[in-house]
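Protein chains in written order, with my numbering: chain A, 1 to 293; chain B, 1 to 293.
These are computed hints drawn from the structure, not numbers from a lab.
We treat Cβ as the ideally placed atom computed from N, Cα and C, and that holds for glycine.
Some hints could be false.
[Stated by the list, open to error] Listed next, the in silico EDC-like pairs over lysine to aspartate or glutamate satisfying Cα-Cα at most 16 Å (straight line):
id	chain 1	residue 1	chain 2	residue 2
1	A	240	B	262
2	B	240	A	163
3	A	240	B	45
4	B	240	B	45
5	A	277	B	262
[Claimed, not checked] Quick partial rundown of chain B residues pointing at chain A, CB under 8 Å, derived from the structure:
id	residue
6	136
7	169
8	170
9	173
10	176
11	203
12	207
13	241
14	242
15	271
16	273
17	274
18	275
19	279
20	282
21	286
There are 2 protein chains.
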Amino acid sequence: MPLINVRDSSMLEMKSRLAQKSMAISTRYPVMIIGGAEDKTNGCEILRAFFESAGGSSANIGIIPSASREPTIVGDRYYQIFTGMGAAQVQILDIRFRTECEEPRWQDVLKGCTGVFITGGDQLRLRDLLCDTPIVDSIKTRLQSSELVIAGTSAGAAIMGEDMIAGGSSGESPNQALVDLTNGLGFVPELLVDQHFHNRNRMARLLSAIAAHPNRLGVGIDEDTCIALGGDGTFQVLGKGTITIVDPGSLTHTNHPVTGEDSPLSLHNLRVHVLKKGDCYDYKKRAVLQYHS
Amino acid sequence: MPLINVRDSSMLEMKSRLAQKSMAISTRYPVMIIGGAEDKTNGCEILRAFFESAGGSSANIGIIPSASREPTIVGDRYYQIFTGMGAAQVQILDIRFRTECEEPRWQDVLKGCTGVFITGGDQLRLRDLLCDTPIVDSIKTRLQSSELVIAGTSAGAAIMGEDMIAGGSSGESPNQALVDLTNGLGFVPELLVDQHFHNRNRMARLLSAIAAHPNRLGVGIDEDTCIALGGDGTFQVLGKGTITIVDPGSLTHTNHPVTGEDSPLSLHNLRVHVLKKGDCYDYKKRAVLQYHS
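Use the sequences and the hints to build the structure in full.
Put into structure tokens, the structure is as follows:
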């Protein structure tokens, strides 16, 4: 009965693929983008998911605290957390000057890492220190070949895209002057990330950013919430808040750029999703995949 | 040449319709919904448009200051403005108790009015005083038969829909507890209005309100900005800020209502528009009509 054999084997193959996919979804996320203020004392859902993605008890985690003005304190905080979870090794890449990025010692540390965690602070500082350096190149190469996973929180989340929100304000109609834009480190080029999102009322600023970059996908990430990328163009939501997707894929009009910097912006036909824990989204196809209520 | 005559006459008819439409758009708005803090000292663009809609120098304007705890001061402010513009008559309907709504004196005032202006204050106070009273019935009837126009600002804007945002907060992920909902006065039943919109960072609250009422159209109106309804299911934007439309017409999922009141809400596939002065929108067909950049 060759036909049945073929079907059996293809079903087994399918089951095995599903098992792999489900394992990939539930335990290993190549990239995690965290909205800041993630739980560090209770269940640590998000940090634990990163720890597991990096290999759990075999994890070799490198912490980059360079966005912070207190890199020693911040670095140590995460060192204690990942050590406490049982990581095999945790190292702090306390890079303070751009010239350091050329030094072989950091490359040596990175070579051993299965996971890199980028802390909060000032995203402009991160960009100035790390953009177009061998450190970032090395992380990108090792990310591509699945040799490590990365996560970034707050400023460490902001730098994930090719374009980056450097700062801005709230409490105004969307306008160009509401947001400062620059380049990010480009780990996930197509995303334009904003963090502490609804907590700091950043919808007008993300809308203003998307008006300037309608080729990107706007992703507003609340505190203690993250998008966990599966490496196949999809992500799922972890944590206690929401993810707000601003998709300008069907935009029919924007008046950006306007002459007066604080003139109100218009944006016609955006698609917006509010996602919560368990929701999955395909950012290549720009579609919500499933949900758990 | 009958054919040419027919074409000529139909072209003339079309021209005349366009002229009428353009006149209707530019000078008479049956309903104006203003996001609060409209300019009262400079060009007074929005208030002047209301004054013109009500008949200009022949206007007989009734001011309802009842949302305010200082109805005398607020009423007098608008009295001075519309008198200063040259209205034929301005009267203040200083209704302080619900029982007053039965009194013939207010009906007599309303009968003469060509325009009614509802001021800011507390929208719950307006609802408690006016909902299901002969005052509101009378305004609706006269609005329907084009005998008067109405405008409301801030609290006076909030009460326009059948459903109303009574209050709420910001700085949180969208959730049920973020917004207090009740019934409005229902002058434009299908709209769910929020005001002082980006100025007070109300996107999360409007999203939360729309999750509860996905049969409505969410309209966030910034300060010194208004939607001026044409009476044909369309409106245009006046003023200096933006209008944010949250259209759940293609919503594929929401988890509302959730068990935990402060659990995050999800909303999949909203259509969102940011409109500015000159933009037109058809809220029956739910489509942006045109724009002026």
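How the hints compare with the structure:
1. This hinted pair checks out: residue 240 of chain A and residue 262 of chain B have alpha carbons roughly 10 Å apart, not beyond 16 Å.
2. As the CA atoms of residue 240 of chain B and residue 163 of chain A are separated by approximately 29 Å, the hinted pair breaks the 16 Å bound.
3. This hinted pair does not check out: residue 240 of chain A and residue 45 of chain B have alpha carbons roughly 44 Å apart, beyond 16 Å.
4. Pair hint residue 240 of chain B plus residue 45 of chain B holds up; C-alpha atoms about 9 Å apart against a cutoff of 16 Å.
5. In summary, the hint linking residue 277 of chain A to residue 262 of chain B is supported, as the alpha carbons are separated by about 14 Å, within the 16 Å threshold.
6. Because the beta carbon of residue 136 of chain B sits about 31 Å from the nearest beta carbon in chain A, more than 8 Å, this interface hint is broken.
7. Because the beta carbon of residue 169 of chain B sits about 11 Å from the nearest beta carbon in chain A, more than 8 Å, this interface hint is broken.
8. Taking 8 Å as the C-beta cut-off, the interface hint given for residue 170 of chain B holds, the closest approach to chain A being about 6 Å.
9. Evaluation of the residue 173 of chain B hint against chain A yields a held restraint, the C-beta minimum of about 4 Å falling below 8 Å.
10. At a threshold of 8 Å, the smallest CB-CB gap from residue 176 of chain B to chain A is about 13 Å, leaving the interface hint violated.
11. About 4 Å separates the beta-carbon of residue 203 of chain B from the nearest beta-carbon of chain A, less than 8 Å, and the hint is met.
12. Annotation: residue 207 of chain B was flagged as interfacial toward chain A, and the flag holds, the nearest CB pair being 6 Å apart, inside 8 Å.
13. The restraint placing residue 241 of chain B at the interface with chain A holds, with a minimum CB-CB distance near 4 Å, inside the 8 Å limit.
14. With a least beta-carbon distance of about 4 Å to chain A, the hint placing residue 242 of chain B at the interface is held under the 8 Å criterion.
15. Hint status for residue 271 of chain B: holds, given a least beta-carbon distance of 6 Å to chain A, under 8 Å.
16. At about 5 Å, the closest approach between the beta carbon of residue 273 of chain B and any beta carbon in chain A falls short of 8 Å, and the interface hint on this residue holds.
17. A distance limit of 8 Å between C-beta atoms decides the matter here; for residue 274 of chain B the minimum to chain A is near 4 Å, and the interface restraint holds.
18. Because the smallest distance between the Cβ of residue 275 of chain B and any Cβ of chain A comes to about 6 Å, under 8 Å, the interface hint for this residue holds.
19. With 8 Å as the threshold, the beta carbon of residue 279 of chain B comes within range of chain A, its nearest partner Cβ sitting at about 6 Å, so the hint holds.
20. Interface restraint check for residue 282 of chain B: the shortest CB-CB distance to chain A comes to about 12 Å, outside 8 Å, so the restraint is violated.
21. Interface hint at residue 286 of chain B: violated, since its Cβ lies 11 Å from the closest Cβ of chain A, which is beyond the 8 Å cut-off.
When each numbered hint is compared with the structure, violations occur for hints 2, 3, 6, 7, 10, 20, 21.
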